[in-house]
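Undergrad: Sequence:
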Amino acid sequence: MIETWTRRMAIGLLAATALTAPAFAAEKITAVVIDGYPAKALWVKEFSEFFIPEVDKRLAETGNYEMDWQESYGGAIVKPKGVLEGVKLGLGDIGIVTTIFHNSKLPSQALSAVTPFVSSDSQAVAKAVDEIAKEFPTMQKEFEAQNQVYLATGVVLDTYQPFSSKEITGLKDLEGMKVAGAGMNLRYLEGIKDAAGVRGGLTDFYNMVQTGLTDAALLWPEAAKTFKIAEVAPYMLKADLGAVNSKTITVNKDYWDGLPDEVKSVLQEVAVEYRDHVAGIAMDRAGESRDAYVASGGTIVEMSAEDRMAWAEAMPNIAAEWAKGLDDAGEPGTEMLNAYMGKLKDAGFEPVRDWAAELSN
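Numbering (my numbering), first residue to last: 1238 to 1598.
Treat the hints with care, since some could be wrong.
Stated by the list, open to error - Quick list of the computed label-pair ranges, beta carbon to beta carbon: (1) 1567 - 1430: 32 to 42 angstroms; (2) 1301 - 1381: 19 to 29 angstroms; (3) 1554 - 1301: 45 to 55 angstroms.
Said to hold, decoys possible - Straight-line distance between alpha carbons at most 30 angstroms, and here's what the computed BS3-like set of lysine-lysine pairs gives: (4) 1265 - 1282; (5) 1403 - 1415; (6) 1364 - 1582.
By construction, these hints were calculated from the structure, which means they are not laboratory data. Bear in mind that the values here come from a model prediction, so they are computed numbers and not experimental data. Each residue gets a CB set at the ideal place from its N, CA and C atoms; glycine is no exception.
Build the full structure now, drawing on both the sequences and the hints.
TA: Now the structure itself:
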């Protein structure tokens, strides 16, 4: 009797436990996220406030996996130019790579940068570049060579504009200027008489202009507001050089290979939504950032259509050079350029200069 009673008690306790305890515990996966830029930077802030919560929410729907996010920004692990190498070496599992610093290793990422004066719509450019990355193998292969998996591209600026310490009202005023820029946008100055580009990063531009190392800088209004550029460069020429993809979310390949398929799928899905989310914010903030620039003492002058055309025509065809460089390396550069321009034209954008059309002439 005692044995029977004991067995019944044990069975009862097991049944009660089964009713009150979860059937299983979610597997916890650590993810170290890195970027060298500070947490206040738009794309970093939105990674924390949009990307991470959205991944968590979707994984919670099944309860199979739970992410243990460890975020490291502002140079704690890597500087802004060191994210690509940091993810490659496994210093971070997921990184926001600023691709404009790596034209030699990631040449195909310069697609929108070599096609200025086409579109200032962040969302359209982000979508077009991301589609190119998924329709052609080139971009993903470049990241594979860096031991990384491409998730999605990002456009965090509506359009590059010249911000100057000296008054500028048109193309003529840019002649002879020293202008700070990052990567391919320095080539926009090549057709302007005696203008010289000086390479730097966004976090450097304030000091570069303040110290007189440069007269101006190429950046966008939201960044000008964030980094208080009006204090040293109170003149903006609204040239609308165009939106450029400059951020790509990547994952260390070794880390990726060890992730469950469910987690991989969620990361890929949310990366695309983050792409559109950030681009949308960049567009939404463009107007208020220009207003904030003026409120901080800045003056904005709109460049004439004639000057914009003259500037575009004065540039070497950097898009054709870009395409040929990829073609010569065995990659479909010309096809990618044609496809990209076609996507933006289909979306309703009329380029000031049709960079792809010149390839057939």
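Undergrad: Using the beta carbons of residue 1301 and residue 1381, state whether their distance is inside 19 to 29 angstroms or not.
TA: 28 angstroms, holds
Undergrad: Are residue 1364 and residue 1582 close enough, with their CA atoms no more than 30 angstroms apart?
TA: Since the Cα atoms of residue 1364 and residue 1582 sit roughly 13 angstroms apart, the hinted pair holds (cutoff 30 angstroms).
Undergrad: Taking only the CA atoms, is the gap from residue 1403 to residue 1415 under or equal to 30 angstroms?
TA: 11 angstroms, holds
Undergrad: Given a hinted range of 45 to 55 angstroms, is it respected by the beta-carbon distance of residue 1554 and residue 1301?
TA: 51 angstroms, holds
Undergrad: May I ask you to test the hint 32 to 42 angstroms on the CB atoms belonging to residue 1567 and residue 1430?
TA: Check passed, 38 angstroms falls within 32 to 42 angstroms.
Undergrad: Is residue 1265 within 30 angstroms of residue 1282, Cα to Cα?
TA: 24 angstroms, holds
Violation of the numbered hints given earlier is absent; every hint is satisfied by the structure.
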